[in-house]
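Colleague: Residue-level listing of the chains:
There are 2 protein chains.
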Amino acid sequence: MVRSVENGGEAVEISPDHFDPTAVVPEPLPKVVESDGELLNGKSNGDREIVLGRNVHTTCLEVTEPDANDDFTGDKDAFMASILARYRKTLLERTKHHLGYPYNLDFDYGALAQLQHFSINNLGDPFIESNYGVHSRQFEVGVLDWFARLWEIEKDEYWGYITNCGTEGNLHGILVGREVFPDGILYASRETHYSVFKAARMYRMECVKVDTLVSGEIDCADFKVKLIAHKDKPAIINVNIGTTVKGAVDDLDLVIKTLEESGFTHDRFYIHCDGALFGLMMPFVKRAPKVSFKKPIGSVSVSGHKFVGCPMPCGVQITRLEHINALSRDVEYLASRDATIMGSRNGHAPIFLWYTLNKKGYKGFQKEVQKCLRNAHYLKDRLLDAGISAMLNELSSTVVFERPWDEEFVRRWQLACQGNIAHVVVMPNVTIDKLDDFLSELVEKRSTWYQDGKVKPPCIATEVGNENCLCTLHK
Amino acid sequence: MVRSVENGGEAVEISPDHFDPTAVVPEPLPKVVESDGELLNGKSNGDREIVLGRNVHTTCLEVTEPDANDDFTGDKDAFMASILARYRKTLLERTKHHLGYPYNLDFDYGALAQLQHFSINNLGDPFIESNYGVHSRQFEVGVLDWFARLWEIEKDEYWGYITNCGTEGNLHGILVGREVFPDGILYASRETHYSVFKAARMYRMECVKVDTLVSGEIDCADFKVKLIAHKDKPAIINVNIGTTVKGAVDDLDLVIKTLEESGFTHDRFYIHCDGALFGLMMPFVKRAPKVSFKKPIGSVSVSGHKFVGCPMPCGVQITRLEHINALSRDVEYLASRDATIMGSRNGHAPIFLWYTLNKKGYKGFQKEVQKCLRNAHYLKDRLLDAGISAMLNELSSTVVFERPWDEEFVRRWQLACQGNIAHVVVMPNVTIDKLDDFLSELVEKRSTWYQDGKVKPPCIATEVGNENCLCTLHK
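For the record, the sequence lines run as chains A and B.
Here the UniProt record's numbering is used: position 429 in the first sequence is 429, and no number is missing along the way.
Here the UniProt record's numbering is used: position 453 in the second sequence is 453, and no number is missing along the way.
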């Protein structure tokens, strides 16, 4: 039996008779697509600046109706096994070359495979059991307690839950802020994650964008001007504990000081700390300022699939118990309480987190953070040595550098880009060997891109500062 | 080495030397807690009506710091393995006794265990690849196409994504409705899922609750009165394709007719169909009215962990492509588009769904739906035979009956309750044998609860109608 699969834009014939599950199918790299969906054969040349990935609709794996005799012949099972085996190979290859997003791809949850057979759902409140018995709240609350300790808040003073991702944490934190201050204005720096601006739109909140420094940190001088201009309304502030693109850490103490100096007493502001990646790294960096509930903050969120590493996205959200009562509502159907954004909640994620936290502990994370910072410095130094503009914030493992000229190279290494800059986030699974491979390939490719002098490496002084820019003008 | 685990409120000593992983630890049933968190020793006797589950904080599995020599001794690994083995036993037992929530607990995803090693994330838009290569969009779009065919909308006319749960689908559908009609009023029946009212609050929308019939369906006479009272503003309507408690299916055609008769032209209303459980069953019920994009509806959502069955909650959201452009925003960092509620998205869920849809196909689902409806009728008939008030809506597999007197019985069978009624949702994993076990236990327990005549079975005529109530007054 031969069935046809569309893979990477080309129809591939799969014959189970000759199928070699060990072969790596060369998945074509995504083609460049302009925002309006039109395919281009090279670099984006329209007015639109943003390069989007390819349209998946042409390459999807169609669901097909089983034949009447499939159970008997086993053909369909064989066909599906072949697709999965090929997919696994692609994942291996793509995982190996990944550098751009802050995901720790190095984990082994083999001991938890036995739980995949269960429909584990923590619907409702983590602290109040629902009538549905197949849950993992005992693991969830264990994980939450660990984070509460990390961020210095007592067990009987916090509330929190394991979210589906960093965005859910931000949506929750800002919603809590809005419920505390219904007429509050949301302040967030320009380099804030897009989910925060999405929250403002969803929640119909007035939102003020604050300027940033070259490092990517919030510019508290501008913050002050804007606070004073809106003194009549309470302030809800999103503080970035590591921005998405530059890994810049907003100065929490300075933000609080600016609020106080602008006449905002502690009962007139709410601070949400978006610690997506760095919220879990910073506690282990010696010189770093502390994120702590001993300071006047309202909530902290962090992603679980980033520094910890997890098969699926997840996150941790911690807030003050006093705030959550404003938001929550008892739901009899659940025999629990509704204070989360989502209703049904993935019960596997807390077990993954619980497992890694137990295995590594505070000390294990400390070691990994130090390794990441060391390797990030290595990458930045090698880039500069090779004459490539690059910047690394002091408290970060996100190395920003000139955007590679060729989109195929960008896609191959799965770099995240914005304007003329790209970044590599040095995570625990990013070794010196991997960085060396990347560096040597970049240096080699660059020598071809820029060999005849017609195209020049971009100037990124605006993004990283003159001192970090090695373009022809600034070097 | 002996470590102590808190389990079920009692400290249990675990010694790896004597640990028997095949032993089932008798997890105490959740204790009854009043809404304010105070423990009661029996039935709720305060003013608050809602009985909440126990407080998890006292029974959680603490994360502990590894000892320096754990790697060498293997003690910590053994300890964690023991916890997981005990937990697995509990899950088996709890899965076996579950009847109350609409989750199909019968699935075998062994073939997909190989993928648990990867951090699969479909961040951004399903149809536009992001730069992050470890994704499963080819599966996701295959699943979406299958649902688009089911609900009769062309591939180039729909947009959709795999959500984290039914709530996310509702949050998305109602947000799309609000973006289409910024000043629209949200209409939803009183028996609508709580996520819809949460959406109204989050999105700061005016919300009008519509009365229901005894069946649980929306009362279109009341709907009409309320529509006419708010004729000046567009209408955004949540239509229930199976309510949470009674499994009642709102009459979509009558809802549309009511809108038209009240003077709302098609460009002045937006209908979101919440098909949490029954959205996937109804297409396979012969007499059932159709949910179809050939009718003037805006979006449909359905849960993936309900009728299909999935280790973690997930759902499918389908809307018209024309609507989504109002909502979405290109995000350069992702090289994709932000039109979903969440940012990072679980890439495993689409593969689970793709796998089951391929295995079962339309025909397989049809068979399962028929089995569920048959078994639900069996349960309802046996309940009535035993003199127990019960109701089953024609298009539903949710059997509503008198709330068992003893909360321990409710917890043991994980029944969902509201006021004086409880329900069993007959899912594909609920066999006649299981129902017989449940029935004989219920009948036996009832004979003790009501033996001396001091306590009487509740009258539930208000909830299920006089004809279904077998209390002393109505039988």
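These aren't lab readings, by the way, just hints derived from the structure by calculation.
Ideal Cβ positions, reconstructed from N, Cα and C, are used throughout, including at glycine.
It is possible that some hints are incorrect.
[Said to hold, decoys possible] Once the Cα atoms are required to be at most 35 angstroms apart in a straight line, the calculated DSBU-like pairs of lysine-lysine come out as:
| no. | chain 1 | residue 1 | chain 2 | residue 2 |
| --- | --- | --- | --- | --- |
| 1 | B | Lys224 | A | Lys89 |
| 2 | A | Lys454 | A | Lys286 |
| 3 | A | Lys89 | B | Lys360 |
| 4 | A | Lys233 | A | Lys209 |
| 5 | A | Lys76 | B | Lys475 |
| 6 | A | Lys231 | A | Lys475 |
| 7 | A | Lys231 | A | Lys290 |
| 8 | A | Lys359 | B | Lys89 |
| 9 | B | Lys286 | B | Lys367 |
| 10 | A | Lys224 | A | Lys295 |
| 11 | B | Lys76 | A | Lys294 |
| 12 | B | Lys96 | A | Lys359 |
| 13 | A | Lys286 | A | Lys367 |
| 14 | A | Lys359 | B | Lys286 |
| 15 | B | Lys233 | A | Lys209 |
| 16 | A | Lys89 | B | Lys233 |
[Stated by the list, open to error] Simulated restraints, written as ranges between beta carbons of each label pair:
| no. | chain 1 | residue 1 | chain 2 | residue 2 | range |
| --- | --- | --- | --- | --- | --- |
| 17 | B | Thr265 | A | Arg329 | 56 to 66 angstroms |
| 18 | A | Glu65 | B | Asp106 | 54 to 64 angstroms |
| 19 | A | Arg88 | B | Lys231 | 35 to 45 angstroms |
| 20 | B | Glu408 | A | Gly74 | 13 to 23 angstroms |
| 21 | B | Ala229 | A | Arg329 | 18 to 28 angstroms |
| 22 | B | Lys445 | A | Glu62 | 21 to 31 angstroms |
| 23 | A | Arg329 | B | Gly110 | 31 to 41 angstroms |
| 24 | A | Asp183 | B | Thr265 | 30 to 40 angstroms |
| 25 | B | Asp183 | A | Ser440 | 55 to 65 angstroms |
| 26 | B | Thr265 | A | Glu65 | 33 to 43 angstroms |
[Said to hold, decoys possible] To give a feel for the contact side, a few chain A residues facing chain B, derived at Cβ under 8 angstroms:
| no. | residue |
| --- | --- |
| 27 | Gly343 |
| 28 | Phe365 |
| 29 | Leu442 |
| 30 | Ala461 |
Colleague: Are A/Lys454 and A/Lys286 close enough, with their CA atoms no more than 35 angstroms apart?
Modeller: violated, 46 angstroms
Colleague: Does the alpha-carbon distance linking B/Lys96 and A/Lys359 stay inside the 35 angstroms limit?
Modeller: Holds. B/Lys96 to A/Lys359 sits at ~31 angstroms (cutoff 35 angstroms).
Colleague: Does A/Lys224 pair with A/Lys295 here, judged by a C-alpha cut-off of 35 angstroms?
Modeller: holds, 19 angstroms
Colleague: Are B/Lys224 and A/Lys89 close enough, with their CA atoms no more than 35 angstroms apart?
Modeller: violated, 57 angstroms
Colleague: Does the Cβ pair A/Asp183, B/Thr265 satisfy 30 to 40 angstroms?
Modeller: With a Cβ separation near 36 angstroms, A/Asp183 and B/Thr265 satisfy 30 to 40 angstroms, so the hint holds.
Colleague: Does B/Lys360 lie within 35 angstroms of A/Lys89 when you go C-alpha to C-alpha?
Modeller: Judged against 35 angstroms, a Cα distance of about 26 angstroms means the pair holds.
Colleague: Could you tell me whether the CB distance from B/Thr265 to A/Arg329 stays inside 56 to 66 angstroms?
Modeller: Roughly 36 angstroms apart at Cβ, these two residues miss the hinted range, so it is violated.
Colleague: Are the Cα positions of A/Lys359 and B/Lys89 separated by 35 angstroms at most?
Modeller: holds, 22 angstroms
Colleague: Within 54 to 64 angstroms: is that where the Cβ-Cβ distance between A/Glu65 and B/Asp106 falls?
Modeller: violated, 21 angstroms
Colleague: Would you check whether A/Gly343 satisfies its interface hint, that is, whether its CB is within less than 8 angstroms of any CB in chain B?
Modeller: holds, 4 angstroms
Colleague: Should the hint that B/Thr265 and A/Glu65 are 33 to 43 angstroms apart at their CB atoms be regarded as holding?
Modeller: 39 angstroms Cβ-Cβ, so the 33 to 43 angstroms window holds.
Colleague: Could you tell me whether the CB distance from A/Arg329 to B/Gly110 stays inside 31 to 41 angstroms?
Modeller: holds, 39 angstroms
Figure legend: structure checked against the earlier numbered hints; hints not met, in rising order: 1, 2, 5, 6, 14, 16, 17, 18, 19, 20, 22, 28, 29, 30.
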